[in-house]
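So the chains spell out like this:
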Amino acid sequence: MSKQRWETRPLEVWNKAKEMRAEWQKSIDTASSERVLLAQGNIQWSIGFPALRVIEDNPVGAMMANKSDEFARICRLAGEVLGWGREVCGYQLNCWGAMYLGHQMDGSPFPFRDLVIPFPDPCDQHTKRGQAPMDYSPIPRFQENWPLYTGPRDTDREKAMIEDRVYCTLYIIEEIERIFGQKFDDERLIESVKVAGGISPYAQDVSRFMQHIPSPLSQKDLYSFYTLGGLTKSDPGETVAIWKALRDEVEWRVENNIAAVGNERYRWMEAHPPPWHFLKYYRYMEKYGAVCIGSQYSHMMAGPFEIKPDGTWAPRGGGFRQLVNKPIKTREDAIRAMIGTEARGHRFKDDEVIRPYALNDFAKAYKVNGAILPLWRCGVGCTVTRKEQGLRLSEIGVRVLHYEGSQPGDRTDLDENRMMDQLDVWMESQGLRKLEE
Amino acid sequence: MITAGIDVGIESLKAVILKDGKVLARGIGLSGGVNRARTTEQVWRDTLAAARLKPGDVSKIIATGQGKNDVGFVQERITEPVADARAARFLYPKATCVVDIGADQVRVVTLGPQNNILEVVMNQKCAAGLGILLKSMARTLGMTLEEMSRLSDGPTAAAAVNDGCSVFAEMDAFSLLNRNTPKEEVARAVTEAVAVRINSILNDKMKPSKESTVLVGGLSRNKAVVNALKRRSGINFLIPEQAEYAGALGAALMAAE
Amino acid sequence: MERFHEVLQNRHEYARAWEKRTGGKVLGYYEPYMPDEVVYAAGILPVRLLSQHEPDDVTDRQMYGNCACSRDILNQFIKGRYDYIDGLINAEGCQWMLNAFQTTLNNKPDLFNHYVFVPDYVDGHTSKDVMCSELNVFKKALEKWTGKPIMDNDLDRAIEVYNTNRRLMRQVYELRRADNPVILGSEAMEMVLASQVMDKEEMNEMLRDAIDKLTERKPRSDTGVRLMLIGSPTSDVELEKLVESLGANIVIDEICTGSCYFWNEVIPQDDRLMAISLRYLGRPHCALKDNNWRRRPAHIYQLYEDYQAHGVIIAKQIYCHPHGTDNPLIWKVLRERNIPFHYFERDTTLPYEETRLRMEAFISMLKPELVLK
Amino acid sequence: MVQEYWRWPESSWTATNIDWKKSKTITAGVDIGTNSSQAVVMCDDRLFSYASLRTGADYRASAGVAMEQALGSSGMKLKNIRYIVGTGWGSQNVSFARKTVDEINCHARGARFMYGPAMKTVVDLGAQTCKAIRLYNWDRIRDFVMNDKCAAGMGRSIEVMADLLQVPIQEMGERSLAVEKDPEPVSTTCYAFANTEAIGLFREGYKESEVLAAYLFAIAWRIHGMVGRVQPEKELAFTGGLAKNSGIVNRLERAMGMTALTSEYDPQLAGAIGAAIIAKEITEKADGLKTVSFIGGMPHP
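Residue numbers (the working numbering), protein chains in the order written: chain Y, 314 to 750; chain L, 16 to 272; chain S, 42 to 414; chain E, -7 to 293.
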């Protein structure tokens, strides 16, 4: 085996992150016994309700797929017999399957939701998200619009959209106050908006550091981290602290050339969730000295980036980050600040839906040699324009590999051996052989 | 010096023994499914015998093909497209692209100016089962692959079967049979479907050039498929004789370097 | 009757002829929430892009995992079947169609195109305002493109034409409620499909005399079992024809290319665009837009009762995710109400034998005597 | 000549203790499936003879051959048979049949005949399609489902697998049961991918029995999901060719927590027997005799 070019060492912040994740999981499980409301969804302002905890089914489903093939399989079956089609997002199928079974992986009772506030998102699966618990037991469900349109941004066009979103949010808050008799705490909301604005600078730094060669982190590390911002809403202060710690450690790693992959000689990017039950292909690629520097999906916490006219790689702005400096006095101010000046959703997905070229900027900025773009046969938001992006990337000389599976959270129809073979072919056809057997 | 290449395919095994760029012997055998390791050794021994050589005479053996990891007695393993590319360059120095159509894989390898590879496109899972579909249809129609190829060679069929998926395609074929569509017609429809599949993979990334594209692999012996494919893609394929040995040849050439 | 069939079969020729005759422009659209009236008011012919069964070896390059409809529409564009289309509209619906829209534009960037945002939260208090402002933007875009303004009386005329069409179609559907209807499911479905690729004024004429003819027609006696069809949009009547050959008749459908297309009218008000927005936000919703209030099951049950159907066929396109996600509730409701139903998936090709088997069994399940007939 | 592991034995049988000349009504049923064809002759209410063979490309011919073999040396001629019903994928090709009936009704009746009045749910494991049927009264169908597309062609998958592992198709089931604990099922049952899947498992050091187990488990699981959609009752029976594969049936029973009813008849015959019974009912109807009558409406599921 050849000598490592760079030193590697585990991330120290990671243990702390683990604890926080565990705490969060606990807080969800104990919600009902603590008489705390449990909301299905992912919302920025939930902090305003002291006794409201929020859980999205994505991480749950991903976790299940990753931890236990068997349980995920049984859950999917529980959903299938009730008529769920294979097109349904694998996360949902896992999560709601567990709901139908009534227990979680570890046998503990399933935390049933008290209300649903689907996180608006261009992906159709999100649009209809959270209907399962609503159809299963009569609980209220609130929805917002997630405006979308093609072509250049048009602020006049977005006025009505912004008003609509502000109205909806305020309406939902009032409804929750009315239905569940909870008092909404404006102060906490305002504070949290500032905080939420506070995470992103750190997250953005982390993202920027990863342009360094050797990359200080790899996709695996990011996947452990990128949901933290969402996970620990209950204590924004803590979240900011850990992101700061992460930022500092990564900076230090960059200064001392601490690498994620010791023999980094090939950088590749991804788009969208990996097969959560089959993460070992990252390690497999490391045999070739290839490091995954992430994807727009995993750099999401930092917000959407773009290449500025002066050639630097910087966040695109818009969204609430833009307005945190403005004085925020009332609940409405805070909400407006969150929604920002742009109603048109601009998270990673729309960038692709609106213009398949977005990934090219990303590829250039991170100096990648190749890209592995999964084709999720039944995933909607996860598959749309994937092929187009492949073509665009190959135009700028990035080698593209597609592999096919059923769903990110679903083991069905992902042929692992075929995928391994494809990885070998892909690497060897670029003149790379395994460094060690 | 004497080198050898072994192509351990899904359906069949191919071996080539090479001496200074000259082929000494070829050997072919049915891949024995899970007993692939054993059958491969058998084929290898036969090929040696045909070349009147002892194992010791061969300085290097390289294996390729989807089952390459199942054989023990080789020094090295390379992936199929690399071998194909090497062979194509050897047979046609001007080749710019090589297409390998096999039992359940289609590989489109675009060659660069030197011996480098610009792009490899392999079919996705759901487009798999090309050779296998033909095989199992032949079984259903109660004819051999050769007969099927002969019968289905001709103008595009009036009837059509699903071109996205082998299983649906078979379902449609059964329906056709049930409505007493003549065997030939059904065979032709299935062949067309296979051609459509392959062509959509040819379209996938870099379009292969019309004149300097080499066609190899087991299915390249199937006249009907090749003609249907020519019709669809408008590519005038260069097909070497012994096209199915291309992989093994490529491996042997690599071993010589 | 046959005329509708012809128009549907030769829809491309029809549109070309229309273009030549009127010198007007043709807009293709993907989604059921497309505000036809605005387009029609601008003197443009809105044509719904429908799929057809054609071997497809080109779309894999740009698409993957899409439903057969969206794939085939792109396929037809690349193969030049739609060369007469001057522009594309995508009124937000499902993402596969958005994908088809995007990808087609990447192939033909010079086409006029516009994206109309339709609120997902159709019941929302302010959604109608968003929709209305979107229609305004759309109107302006069209005016800019055609170079002539859209006047209120243009809109009124368009609304009138479309409402008439809807009323006539309701009349046709009303005939299907009879104990043995004079019109078959396949014929009715062909009418609706044709109406989505035709000039509505011409369509209305054809409809009027078709209805006259229908009234003195003898009903068929051999299609006793009454079925309801729900599920993904379709662009052909193979299934209807099939069940008719097996002694059944589809008397009502709840499909975006079927009854949902014309079910409710625009209720006129001074703010024309608002009137139109309210119509589209109030229409029987497609599986995707049926979000919070879950109106769809109730609507389905209503139709089931009104048309005295014996059973329900749920036909879903493979990879049609809105219906894949909506099915569980539909199943639940149908089971609760003890309504027999059969669910199956269809693909580009409808495997004849398999489908026949399903339908034959389902029909004889509803009417066991048939087995011994 | 290479051994054809996928080929299953064809069979035919004639009752020795029945004198067909004495019986009142003789009826027959012919079931032309995509992979196998069966013909059955029934005298009054008893099974007289059957033949089961592989369907060729020419469905018409297969039907004829099957019928011929069923008549065998019994001296019975087609004209002796009062009424013949055809069923199965190729039912239209049974030229000598007076009527065709869909498999689902036939399997329901056939299973009723084979498994008796206790049975409430039939699962037909055919080569091309699988069906789960729920019955009420005597032979009325309350609800049924058929596999979706990606679960089609399981019979073919089994054949491909037999070829690949070089295991005779009749032995697959038993051999797969040799494992002490079932491994996770393979990710797909589609025959087009069977190759790479199985090879991969071997690479990971699986034994033959374990590969078989993983594969048959996957098939059983697929079917389990489908059967679940009719909310099966515990008195269930398996018919069709795959029902002979203990590896699938066993795992299915385990997954569903039920034990299937058993019968002395060959499960593959259910369709044909059902057809013959329907033929008999039709004749009885013609003679104005009372058939099992339809009592009440749809019961509440």
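Calculated from the structure, these hints are not laboratory results. Among the hints, erroneous ones may be present.
Taking beta-carbon pairs under 7 Å as the criterion, some of the chain S residues facing chain L (in silico) [claimed, not checked]:
{"id": "1", "residue": "PRO96"}
{"id": "2", "residue": "ASP98"}
{"id": "3", "residue": "VAL99"}
{"id": "4", "residue": "GLU246"}
{"id": "5", "residue": "ARG249"}
{"id": "6", "residue": "ALA251"}
{"id": "7", "residue": "ASP253"}
{"id": "8", "residue": "TYR393"}
This one's a predicted model, so the numbers in the text were calculated from it and none came from an experiment. For glycine and all other residues, C-beta sits at the position ideal for the given N, C-alpha and C.
These are the hints, each one checked on the structure:
Using the Cβ-Cβ criterion of 7 Å, the hint placing PRO96 of chain S at the interface with chain L is satisfied: the shortest such distance is roughly 5 Å. Given the 7 Å rule on beta carbons, the hint for ASP98 of chain S holds: about 4 Å separates it from the nearest Cβ of chain L. For the restraint placing VAL99 of chain S at the interface with chain L, the shortest Cβ-Cβ distance is roughly 6 Å, inside the 7 Å limit, so the hint holds. Violation of the interface hint for GLU246 of chain S is found here, the shortest Cβ-Cβ separation to chain L being roughly 37 Å, above the 7 Å cut-off.
Evaluation of the ARG249 of chain S hint against chain L yields a violated restraint, the C-beta minimum of about 39 Å exceeding 7 Å. Checking ALA251 of chain S against chain L: minimum C-beta separation of about 33 Å lies over 7 Å; hint violated. Evaluation of the ASP253 of chain S hint against chain L yields a violated restraint, the C-beta minimum of about 39 Å exceeding 7 Å. Nearest Cβ of chain L to the Cβ of TYR393 of chain S: about 4 Å, under the 7 Å cut. The hint holds.
In summary, the numbered hints that this structure violates are 4, 5, 6 and 7.
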